[in-house]
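Trainee: Sequence:
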Amino acid sequence: MSLANKPIRCSGASLSDCIEVSVLRLDASSAKFSKTLSLNVQLVLLCGRRYAGTLWQGAFLLLLLLMLGGCAGVKVSALETRDYMSLRRGDVLSTGRLSTSVGAALQVVGIDRDECTAAAEVCLRTLGKSKALGDEQRLSVLAELWLQEALRLDRLDHSDAQTDAMLDAYLESARHAYAYLFMTERTLGQRALDDRQTQVRDYYNFSVQQALTGLFERYRGNPPETGEGKGVFVMQNGRWQIQGTVGDVRLAGGRDLPKALIPAASLSFKGLRNQYRRDGLGAELVAMTDRRVVTKDSAELAWSETPFPAVTAVVSFPGTTLDEVLSTQKVHIVGYDPFRQNSISLAGREIPLAGSFTSGYGLWLARSGFATQSLLTLVGRGEVLEKPHVYLMQPYDPNRRIIVMLHGLASSPEAWINVANEVLGDETLRQHYQIWQVYYPTNAPLAFNNKAIRTAIEQTLEHFDPSGTAQASRDMVVIGHSMGGVLSRLMLSSSGDRLWDALLERYPLHGRRLERVQKEVGPYVRFEPLPDVSRAIFVAAPHRGTPFAENRISRWAAGLVKLPVSVLGRITDVAQLLVVPDSADAEVLTRPVNSIDNLSSNDPFVRLSAELPISPMVRYHSIIGNYTPALSLLDSSDGVVPYSSSHLAGAESEIVIPFGHSVQETPEAIMEIRRILHVHLQQADGDRFARPAP
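Note that the sequence shown covers residues 0 to 693 in numbering that gives the first Met the number 0.
For the record, the hints were derived by calculation from the structure and aren't laboratory data. Glycine residues also receive a C-beta, built at the ideal position from the N, C-alpha and C atoms. Mixed in with the good hints, there may be bad ones.
[As the list claims (entries may be wrong)] With a straight-line cut-off of 25 Å between C-alpha atoms, the simulated BS3-like cross-links for lysine-lysine are:
| id | residue 1 | residue 2 |
| --- | --- | --- |
| 1 | Lys450 | Lys386 |
| 2 | Lys450 | Lys518 |
| 3 | Lys329 | Lys258 |
| 4 | Lys386 | Lys518 |
| 5 | Lys128 | Lys386 |
[Said to hold, decoys possible] Simulated restraints on C-beta separations:
| id | residue 1 | residue 2 | range |
| --- | --- | --- | --- |
| 6 | Asp156 | Thr116 | 35 to 41 Å |
| 7 | Glu457 | Gln682 | 40 to 46 Å |
| 8 | Gln682 | Ala629 | 37 to 43 Å |
| 9 | Ala629 | Gly368 | 28 to 34 Å |
| 10 | Pro465 | Asp255 | 55 to 61 Å |
| 11 | Pro522 | Gln242 | 23 to 29 Å |
| 12 | Gly347 | Gln682 | 56 to 62 Å |
| 13 | Pro628 | Glu457 | 38 to 44 Å |
| 14 | Ala77 | Gln682 | 56 to 62 Å |
| 15 | Arg515 | Pro628 | 48 to 54 Å |
| 16 | Asp496 | Asn398 | 38 to 44 Å |
| 17 | Asp496 | Arg290 | 54 to 60 Å |
| 18 | Gln681 | Ser158 | 26 to 32 Å |
Given the sequences, and given the hints that come with them, work out the whole structure.
Mentor: Shown next as structure tokens:
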């Protein structure tokens, strides 16, 4: 029996002797007990023997116990709440420091953390060959260390050699993360609750993002070769043979490749309440096809697709075994449209696809210049908008229904900033709808815009769905704010002969003049409902006009309004047709009628159009603001439009919100719009339906 295992008996011995024996036993049995401490304790005891009495010996015993307690091999302390996530999830991406997982692995292998950072190449090679670590641990550590090296190189000046090394490090990080996720024994589902898997997924997504944006930046002036098939490209970068495709993403103008890739995570927006995205695999990007929203083509065509579509890029490394994946020099890149795909098949598994749904839309708004142009158009200055234009917020999808949004007077698609974003933020609505924003000259009379907007929508539908058989062309929803609501109602109404008869009452026409007026003016006063729309939402719409258009400020503003040259010429031609030259009652148009005139509650056109019947195939809803809570509902107003003008009998629903004229941006209005769109999906899944009689 060793000394350490012999029992300690103190009976018949002095207390100091007993203490000395105890120390020897502890010294022999504890590997953690230092020789220096043992000698110090024995010296204290020897000095203690010079003093008589158990009091001093008891004091020395207490001192000894305190010293032994301070030499425990493990100590415990409380963890601050704020440090919890840093300890559990802190890593090279979130804190700039290597994770505890890397620290543990380096200790197992016997590598100092600082030495690993200073000599990254040696450290990575040693870890790659180590048998002391399991596959999951080794691959996750290598993914993080390669990412650390890539970030270090990214901070340096980007010479060609430095850029090659940086891109190589990002691709190696992505490769090892890919191998961890798909080539190890446990599946993604079995590790679903592991913090480490979430970290490794982030390494993959970030490394893919940086590698692809770096490649596009490098080859901007010298685009990669295109391979067989639309959107296919091939390139050689260092030792990597790269092949990719963005064929799944529809790019504006029929382009095969974007001009640049912008990381969605690098964009931050003011004015948007929320930024919506979906967790999953892949780098969330914006594919830029043009720097401007309004281009020369915008004036020539009735429509344009977004120059900033969202793209999610996924990188894979060919191989059926772990060794094959870690040794290949080939990289496959695929770009997906996250609006059209929620998941992808990768390495034999169905994987959730990451996606950013606000970034492209926010960039589109930020670079549009709409706010300035809409006001300049109203007064006829600057680059005047001559006719309506349809902007597709996402690449056209034949399987998703269309929401058409029309803004109001002196406004633009910016009127729908948060409405459109919140609709796209709803997973169900995002999967089943696409948004078209109509931008039109708000200085033009209602009759002109009614015809021009109809034409623009019909031309856009004809271009994307020539046969008219796509689901997108059926059961469309129109949402109009203010004057846009009045125009929406006109597009869903049947004029019959009411407007035409009223015209003839005012202007007696006969013979050839009558024939010419029928040809030139008829399309503006005779129309039928758009056949593809089955639901409408009117927001703060002055269907019967507003007294606000008659006040002094509004009349002054109306005098400043300048019509587009094309519209002004058209109005002049019509006036000459209607008025009999040299007649005693000939009218002189001192100022052509404009949109502000049309919004007056006394305007003949708005009074007549308010009585036109809405198509029985259309269900409609009203969202109305109330800025005068002290008044009764019937006497209330949103500050611009009275309730009596916005209210429509026969509406399927009506909601009054305590807010002013810009009520469309309130959370209550947005929630109501989303509710209606959900109802529309449920009802439109069946056959076409007729609106029940009021």
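Trainee: Hint by hint, note whether the structure agrees.
Mentor: Now for the hints, and whether the structure bears them out:
1. Lys450 <-> Lys386: Roughly 11 Å separates the two Cα atoms, so the pair holds.
2. Lys450 <-> Lys518: holds, 14 Å
3. Lys329 <-> Lys258: holds, 24 Å
4. Lys386 <-> Lys518: holds, 21 Å
5. Lys128 <-> Lys386: Roughly 67 Å separates the two Cα atoms, so the pair is violated.
6. Asp156 <-> Thr116: 35 to 41 Å: Violated, since Asp156 and Thr116 (Cβ atoms, about 20 Å apart) do not stay within the stated range.
7. Glu457 <-> Gln682: 40 to 46 Å: With Cβ atoms ~24 Å apart, the hint is violated.
8. Gln682 <-> Ala629: 37 to 43 Å: holds, 38 Å
9. Ala629 <-> Gly368: 28 to 34 Å: violated, 40 Å
10. Pro465 <-> Asp255: 55 to 61 Å: Given a distance of about 23 Å, which is not inside 55 to 61 Å, the answer is violated.
11. Pro522 <-> Gln242: 23 to 29 Å: violated, 53 Å
12. Gly347 <-> Gln682: 56 to 62 Å: Violated: the Cβ-Cβ distance is about 40 Å, outside 56 to 62 Å.
13. Pro628 <-> Glu457: 38 to 44 Å: holds, 42 Å
14. Ala77 <-> Gln682: 56 to 62 Å: Check passed, 58 Å falls within 56 to 62 Å.
15. Arg515 <-> Pro628: 48 to 54 Å: Check passed, 53 Å falls within 48 to 54 Å.
16. Asp496 <-> Asn398: 38 to 44 Å: holds, 40 Å
17. Asp496 <-> Arg290: 54 to 60 Å: violated, 49 Å
18. Gln681 <-> Ser158: 26 to 32 Å: For Gln681 and Ser158 the Cβ distance comes to about 59 Å; the hint is violated.
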